[in-house]
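*Asks:* Take a look at the letters that make up each chain.
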Amino acid sequence: MQLVVFVVCAVGAVAAGAAVFWVDSMARATFALLASFLFVAVDVLLLDLAYLGVLIILMMIMEMVVMAVFMIMYMMNPAGLMPMSMVHNRRGSLAIAVGTFLVLAAGILLIHWPTRRGAPPAEPTRQLGEALMGSKMLVMMVLGLALFATMVATVVLAQHRGRYHRYGDELDRRAPDDPIRGGVGR
Amino acid sequence: MMLQLFLLLAAALLAIGLYGALSQQSIVMIMMGIELMVNAVIVAGAASWWFLSPHRPDGQVLVVVAITVMAVEMAMGFAVTTAIFRARDVDMTDMAADLKK
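First to last, the sequence lines map onto chains U and C.
With my numbering applied, the first sequence covers 1 to 186.
With my numbering applied, the second sequence covers 1001 to 1101.
Just so you know, these hints were derived from the structure itself, not from any lab.
Quick reminder that beta carbons are idealized off the backbone N, C-alpha and C, glycines included.
Treat each hint with caution, since some may be false.
Stated by the list, open to error - Where chain U lies over chain C, by a calculated footprint (3+ residues, C-beta under 8 Å):
hint, segment
1, 1004 to 1010
2, 1016 to 1027
3, 1047 to 1057
4, 1067 to 1073
5, 1089 to 1095
Use the sequences and the hints to build the structure in full.
*Replies:* Dropping the structure here:
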C-alpha cells in the first residue's frame, strides 16, 4: 500500500514539476509547483516525518500563494489567454538536465548502498527538536542569523525611498528630501 | 530498494529544476526551478535519514536547513525582482544583461 502511495505521489510530483515550465499561464505554473510540493510532502510523511511533512505542506501553501501574487504583479500573461514563451537555449538546457538525471540515476542504481544502521526513534519530532536545541544548536543559530539577515536585506532591496534617501548618507539633513512637499515635518 | 526509488524521485526533481533554472528568462520562473532543486534535496535528505541512519538526527536537520533555504531564496528573489523592476522596469534576466558592465 505504501509503495502504491509513493509511486502515485512520485509520478505526480515529477509531472507537476514538469508542468511548471510547460503551461501557458503564470498562475497555473505557480499552482503546478504547489502540487509538486504537496506530492513530495506526502512522500515525506510516508517516512514517518510527520512534523516536517506537515511543515512542508503549510509553508508551501503560503509560499505559493505569495508567489502567485508576485507572478500576477510582475509578469505577462498571468491568466494564460495566449501562448507564451520566455526561454533561451531550450535545447541545451534540456540536454544538460537529461544528462544530469542519467548520471544521477546511474549512480543511484549502481552504488552499493549501506544497510540501515540503528532503528528509527519512537518520536522523530522529539529527536529533531532535541538535536536542534542540543548537539545541532550551531545549525539553528546560523539559520536564525540567516533569516534575520534576509529580513534586513529584503527590506533594503525592496524599499523605494528609505531614510538615507530622505536624510542623506550621514542622516544629517534637517528636512527630508522628498519629491512631493508636505507631510510630517513640513 | 525503496531508498533508490526515493533518490530517483529526487534526481528527477533536480533535473527538472535544473532545466527551468537554465532555460527560463523570467527571474520568478528561475526561482521556481531553484525551488524544485531544493525540493529534491528535501526528498533525498529525508530518505537518507530513514533508510540509512534513522538513529542520528542529521537527515532531519538537513531537511530543516533545506526548508529554510527555500524561504530565504524566495524572499531574496522577490526583493531582487522588486528592486530591478523598480530601477529598470524589467523582470527578465536577458534584459538585465548590462549588469555585467
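*Asks:* So which of the earlier hints does this model not fit?
*Replies:* Violated hints: none; all satisfied.
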